[in-house]
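Engineer: What follows is the residue order along each chain.
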Amino acid sequence: MVPVSYYLILSGILFACGVTGFLIKRNIITIFMSIELMLNGVNLSFVAFAAEWKALSGQVFVFFVMVVAAAEAAVGLAIIIAVYRTRETLNVDQVNLLKL
Amino acid sequence: MLSIESFVAISLIKTVIALFVLLTAVAYTVWLERKVVGHMQNRWGPTRVGPFGLLQPLADGVKFMFKEDLIPPHVYKPLYMAAPMLAVVFALTSIAVIPVGNSISIGGIQTSLQIADVNIGLLIILGVTSLGVYGVALAGWSSNSKYSLLGGLRASAQMVSYEIALGLSLVGVLILSGSLSLREIVDAQSGTYWGVLPRWNIFPQFIAFFIYLMAAYAETNRIPFDLPEAETELVAGYHTEYSAMKFAMFFMAEYANMITVACVASLLFLGGWHGPRFGPPLLQAILPVFWFALRIFGFLFVYIWIRGTLPRFRYDQLMAFGWKFLLPLAIANLVVTALVVAIQS
Amino acid sequence: MHLILFLAFGAVCVAGAVNLLVQKHPINSALSLVVVMGSLAAEYLLLGAEFVAAVQVIVYAGAVMVLFVFVIMLLNAGEEEETKGSRVAMIFGIPGMLVGSLLIAWVLIEHSGNKSLAAGALPGPPKTIGWLLFHDYLLPFEVTSVLVLIAIMGAVVLAAAPASAGGRKD
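Residue numbers (our numbering), protein chains in the order written: chain U, 1 to 100; chain L, 1 to 345; chain B, 1 to 170.
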């Protein structure tokens with residue numbers, strides 16, 4: 001028997017790692033991976049809550065999150081390739097053409 | 001209900017037997033391939049070691065083990081070491097959910113001829129084989145050589161592309177049998193149509209079978225889709241920089257994947273272990289396994305036959321074939337199957 | 001048993017997530033993310049969500065992350081360059097984060113009730129999930145499919161070589 005809060009804490013840790021990675025990483029691909037990590041953390045809490053309330057809707061929601069994440073990854077990686085083609089770098093600090 | 005100790009013990013025994021059989025089968029598939037391709041090309045194939053060269057796999061194994069294991073200085077070592085292990089582990093894992101026959105009872109213990117009878121067996125096989133891409137992709141990347149990198153890139157693009165067609169071709173079968181458990185899918189194929197034709201999924205789903213076969217050749221990187229290791233252009237593709245046991249692991253992974261694909265095709269399309277059963281009880285128990293093995297042998301033979309017959313595709317042809325022909329065909333087949341089932345029910 | 005398995009896979013999860021942050025090379029980060037996803041699939045299995053676990057492995061580990069690895073290989077992404085962060089953020093950020101997370105953990109443990117979940121608490125067999133998807137959630141399902149279609153077209157348009165760059169020779 002595992003308390004629900006343990007699952008929530010694990011999901012919180014994953015989400016926090018994702019946020020940290022999003023903020024401190026400078027490689028655009030790693031930043032994208034941090035976003036995926038956040039989504040995964042959220043998914044875990046969805047499944048845990050579904051188990052707590054005995055409602056399968058939580059698991060269905062995870063399904064939707066996954067589909068959206070896959071779509072987002074496809075578009076995001078395409079954007080990364082487009083950025084790399086014009087700027088020849090993956091460092092987000094150097095993609096600053098709009099900066100004054 | 002079994003106690004946990006006996007459950008673990010039985011599972012362990014089954015795992016050991018399954019791994020032993022699988023590895024032997026891998027070794028003798030290599031022998032079969034060399035022999036059959038040899039005869040197709042007016043050669044003899046291996047003849048020197050043992051009768052008909054039957055001990056050749058053993059000799060090869062010994063050779064692989066005692067060869068010098070070269071590690072080129074320019075590789076990225078952790079991933080270079082890990083890649084062949086990943087490939088072979090994922091290739092061998094999927095055997096865990098493949099049933100090879102009905103349940104048998106030995107010494108009063110009823111046990112199924114399957115390591116783990118799970119109700120999402122097919123999904124597990126799909127998941128594990130989709131993880132197999134990592135071995136190939138990482139091998140190509142970590143070798144730090146242009147041929148390996150090109151081979152790895154081609155392999156990952158090809159496997160991801162054909163996985164979609166492969167998955168969609170299986171959905172038609174799933175609609176017909178209404179289950180993801182491999183055992184139930186096989187059970188749904190018992191009996192006959194109109195008393196003569198066996199009730200195998202290949203007859204209503206022959207288009208799906210064709211798509212599955214094509215996509216499976218691409219998934220396992222076999223001729224005519226062996227672009228990742230096209231030796232005329234890429235030396236040996238992703239395993240160019242590998243030698244000795246690490247190379248052998250890729251080799252084993254490739255043949256183990258072929259066997260897995262053949263198992264899935266037999267289970268889903270050809271009725272698994274169904275076949276005539278006769279004779280004394282012992283023979284009755286063994287016959288289903290024999291019929292299953294026979295189907296797998298047939299598939300492996302077709303694999304080798306195609307290797308001896310067809311030339312290699314060009315890379316853009318390969319991608320166009322996967323995306324512009326197989327995928328629409330799979331979707332059309334799915335829609336038609338769903339419509340027919342919906343109208344019938 | 002359930003607790004031990006939960007803790008083991010949870011530890012692997014957290015180790016993978018931290019490794020993602022620590023590693024300098026994107027391919028190492030990508031692989032640690034794969035490890036996180038794999039152990040998350042195991043956590044789902046512990047909760048009984050077998051279908052979600054399988055889809056997690058197939059979609060996330062088998063497709064999305066392969067795409068990431070593919071792009072890393074394709075662009076030949078190298079080691080990450082360090083850029084200087086602000087000192088204030090370092091001094092106040094790390095203790096602040098620790099305090100914040102401890103606070104949240106405390107609140108969760110104290111106030112989320114005393115419910116605990118048994119292994120396989122809520123089985124999610126594919127049949128039930130499918131029934132829910134195609135009955136109760138049919139509209140969201142269709143909308144998602146349109147979203148995926150748009151994403152496919154967007155990805156193709158974005159990643160296709162511009163005509164002027166000589167990507168197409170014919």
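Treat the hints loosely; a few may be bogus.
[To be verified] Per label pair, the in silico range of CB-to-CB distance:
(1) U:Val65 / L:Gln284: 57 to 63 Å
(2) U:Val65 / L:Lys324: 29 to 35 Å
(3) B:Leu149 / L:His39: 33 to 39 Å
(4) U:Arg85 / L:Ser11: 40 to 46 Å
(5) B:Glu79 / L:Asn42: 37 to 43 Å
(6) L:Thr47 / B:Ala8: 50 to 56 Å
(7) L:Ser6 / U:Ser57: 38 to 44 Å
(8) L:Pro311 / B:Leu149: 41 to 47 Å
(9) B:Val18 / L:Val340: 50 to 56 Å
(10) B:Lys24 / L:Phe325: 38 to 44 Å
(11) L:Phe66 / B:Glu79: 22 to 28 Å
(12) L:Trp305 / U:Val65: 53 to 59 Å
Hints in this document: simulated from the structure, not taken from any laboratory. For glycine and all other residues, C-beta sits at the position ideal for the given N, C-alpha and C.
Engineer: Would you mind marking each hint as holding or not holding in the structure?
Structural biologist: Hints versus structure:
no.: 1; hint: U:Val65 / L:Gln284: 57 to 63 Å; result: 50 Å, violated
no.: 2; hint: U:Val65 / L:Lys324: 29 to 35 Å; result: 31 Å, holds
no.: 3; hint: B:Leu149 / L:His39: 33 to 39 Å; result: 50 Å, violated
no.: 4; hint: U:Arg85 / L:Ser11: 40 to 46 Å; result: 52 Å, violated
no.: 5; hint: B:Glu79 / L:Asn42: 37 to 43 Å; result: 54 Å, violated
no.: 6; hint: L:Thr47 / B:Ala8: 50 to 56 Å; result: 52 Å, holds
no.: 7; hint: L:Ser6 / U:Ser57: 38 to 44 Å; result: 39 Å, holds
no.: 8; hint: L:Pro311 / B:Leu149: 41 to 47 Å; result: 36 Å, violated
no.: 9; hint: B:Val18 / L:Val340: 50 to 56 Å; result: 52 Å, holds
no.: 10; hint: B:Lys24 / L:Phe325: 38 to 44 Å; result: 43 Å, holds
no.: 11; hint: L:Phe66 / B:Glu79: 22 to 28 Å; result: 38 Å, violated
no.: 12; hint: L:Trp305 / U:Val65: 53 to 59 Å; result: 45 Å, violated
Comparing the model with each numbered hint stated earlier shows that hints 1, 3, 4, 5, 8, 11, 12 do not hold.
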